[in-house]
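> Below are the chains, spelled out letter by letter.
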Amino acid sequence: MMGLEAYVFSNIMTAALLAGAWLLVRVVRRQRLWREAAQQLWGRRKLAIIIVGIYLLIGLLDSVAWKGGVPEDSVGVLPNAPLTLIDRVFLGTLEASYSAPFAAVEFYGAMPLQRPGSHLFGTDILGRDVLYLSLKGARVALLIGGLTSLIAIPLALVFGVGAGYFGGRFDDFVFFLISTLASMPGLLLLIALIMAMGRDTLSVCVALGVTSWVGFCRLSRAETLKLRELDYVSAARALGVSELGIIVRHILPNLAHLIVITFVLMFSGLVLSEVVLSWLGIGVDGSWGQMIDGARNELSREPIIWWNIAAAGSALFGLILAVNIVGDGIRDVLDPRTRKSLS
Amino acid sequence: MSALLEVRNLRTVFPGESGPLPVVDDISFSLARGEVLALVGESGSGKSMTALSILRLVPKPGQVVSGEVRLAGEDLLRLPVTKMRRIRGARIAMIFQEPMTCLNPVVSVGAQVMEAIRLHDSINKIDARARTRELFVEVGIPDPDARLDAYPHHLSGGLKQRVMIAMALSMRPEVLIADEPTTALDVTVQSQILALLRRLQSDRGTAILLITHDLGIVNELADRVAVMYAGRLVEVAERKALLSEPLHPYTQGLLRSIPSRSRPGEPLPEIPGVVPPPHQWPAGCRFSTRCPIRFEPCAEVFPEQIRPAEGRRVWCHDVERSMRREGPA
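Quick note, the sequences are listed as chains D and C, same order.
According to this note's numbering, the first sequence is numbered sequentially starting from 1.
According to this note's numbering, the second sequence is numbered sequentially starting from 1.
So that you can see chain D by itself, here it is in the shape it has in the complex (with noise of 0.2 Å):
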């Protein structure tokens, strides 16, 4: 980012989150109908969020680097380079490598693919730590997930709304974008929008949102038709709430409990998408994806090597388990029809 160091960037781009998700809970504290529904989902999931959360704060403490302070026969690691919390905790020294369990490489212990041991879930080709790169491979998943989720949901707001609401050319121009977007082949669209924009993080997480947001579009356009029509609509433009007021105190909540499912949902299927991507060749470097797509290779050997695919495997699955368990949850304390005792 414009003379700006990457990993000032992402620091920066973890605080405008976390400032977000601060900004967040405080409006579902302030509003009753969200602080129940939010109490009751902990009451109901709490494992599957507990778990969803450690994943968060992996992601987190890899998402914030500083330079320096990084002993100088660290091994495999550039002077001076910024690093994370998670990291530092497994840089390895010349003298500490039999530190393992927490050490990243083991280059000069000539240890590529080592059975787990030492090195909790062993080594792969090249002799990085597996736990290492898995635990690296969760803010990945999560930038994938989460950064998709928030540019295609707001562009599928945008645009759903917005034709739904007020109908006439904007209508048709949306439409025309939905039916063209959705009548080509979503892969290969998405590949050559990779191939176009290049394979680091962002520039997927941009392609994957381009292509996705079609399907909430067409959900979130659908329900603000049925709702410009409603009764209390109207009511509030005879009370003389403009055209934005009605959209945003009258129809956003009402689509709000929309949003919240289909981030979820959405954020499981992106992960997933990026393992298909990486098995493409297209992925993000340190993946989940990508250590499954390596490992690929090395399951034919003989002793077989399975523990690369299963760290990544099992990683993988944890996520996106926890996340559609607490989707699943979100849905059922949401849907007016499995919702208790709410009054």
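Everything labelled a hint here was simulated from the structure, so no lab data went into it.
Each hint should be verified, as a subset may be incorrect.
[To be verified] In silico negatives: residues of chain C with every beta carbon more than 10 Å from chain D: (1) Ala90; (2) His120; (3) Pro142; (4) Leu268.
[As the list claims (entries may be wrong)] Heads up, simulated DSSO-like pairs for lysine-lysine below, C-alpha to C-alpha not over 30 Å straight-line: (5) D:Lys226 / C:Lys60; (6) C:Lys83 / C:Lys125; (7) C:Lys83 / D:Lys226; (8) C:Lys83 / C:Lys60.
[Said to hold, decoys possible] Covered by chain D, according to a simulated footprint, are these stretches of chain C (three or more residues, beta-carbon under 8 Å): (9) 65-76; (10) 102-116; (11) 157-166.
Here a beta-carbon is modelled for each residue, glycine too, at the ideal position from N, C-alpha and C.
Starting from the structure of chain D, add chain C where the hints point.
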């Protein structure tokens, strides 16, 4: 009494397959300060559309094509959109028929009334909350402090309607349009809401345009009555005059079909047929297809407005004929 709200030759059309359909056709009436005018008619007679036309909220593709709506002399139909928005809610407020669906289900009712207040008045949230509480007390919501944070699904229909009224009254409007305010409520709640409206009208001098099909409500609340049929006015009169001596055959039919007025044991008289849909309206008097006393020109020629007495207007060939026979009153 000078007219506060004056509607003149209002005409609202919807596009139809064979040309525009005038669902509100040449409606004129006036409303004085502190007066209750009841707009009466069957379903589909254009009562609600008249109200929405006044507020310029006719749903698309309908539109007001001609006429004037003057609020204290200012023609609302020619105001820019932003100025019109400042009049809605602040000077003319509206209560809707369905309190069940007129409140946003995901926002607490207190917050919704506060929103209405802060829309037209730049006061802070604490003051707005205090005002909301006062309004809740004024419209008779028990335990107002707890209700401020209640959600619509916590409240009964009557309470919701009171919240709607509180919202409509939040800016002390000069004109209140009440579109069937009690239709969705049961009878005991109905009378409470009517008592509330009457108190508002006498305490605050709010002019009320009461839209209803229930002549019982008219009798309780209205000063004057305008009867609508198929988009047209058929008779406008003082309440007493209209109820005791209806001139138009449609008004007569309406009054005859009130159960309490009919004799026990006899079948309830009714007006045969239904209001024809707009594309089947006759060229002449719109009621001519159901009128028991129709004669030659009724279906072809539209009756002129006649003024049989001071403050009384009626559109009927039969009334005109009998008046000509008797000479002007």
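> Against this structure, judge whether each hint is valid.
Here is how each hint holds up against the structure:
With 10 Å as the threshold on Cβ separation, the claim that Ala90 of chain C sits away from chain D is violated: the shortest Cβ distance comes to roughly 6 Å. Against chain D, the non-interface label of His120 of chain C is violated: not every CB pair exceeds 10 Å, the least being about 7 Å. Here Pro142 of chain C stays apart from chain D, with its beta-carbon at least about 17 Å from theirs, past the 10 Å limit. Every CB of chain D lies more than 10 Å from the CB of Leu268 of chain C, the least distance being 32 Å, so the non-interface label holds.
Proposed proximity of Lys226 of chain D and Lys60 of chain C is supported: the alpha carbons are some 15 Å apart, at most 30 Å. Between Lys83 of chain C and Lys125 of chain C the alpha-carbon distance is near 24 Å, which keeps this suggested pair within the 30 Å criterion. Between the alpha carbons of Lys83 of chain C and Lys226 of chain D the distance comes to roughly 28 Å, so the proposed pair stays at or under 30 Å and holds. Among the hinted pairs, Lys83 of chain C with Lys60 of chain C is consistent with the structure: their alpha-carbon atoms are about 20 Å apart, no more than 30 Å.
Counting residues of the region 65-76 of chain C whose beta carbon lies closer than 8 Å to any beta carbon of chain D gives 0, which falls short of the minimum of three for the stated coverage. Residues of the region 102-116 of chain C lying with their CB closer than 8 Å to a CB of chain D number 9, which satisfies the three-residue condition for coverage. Only when three residues or more bring their CB closer than 8 Å to a CB of chain D does the claim for the region 157-166 of chain C stand; here the count is 1, and the claim is violated.
Of the numbered hints stated above, those contradicted by the structure are hints 1, 2, 9 and 11, listed in ascending order.
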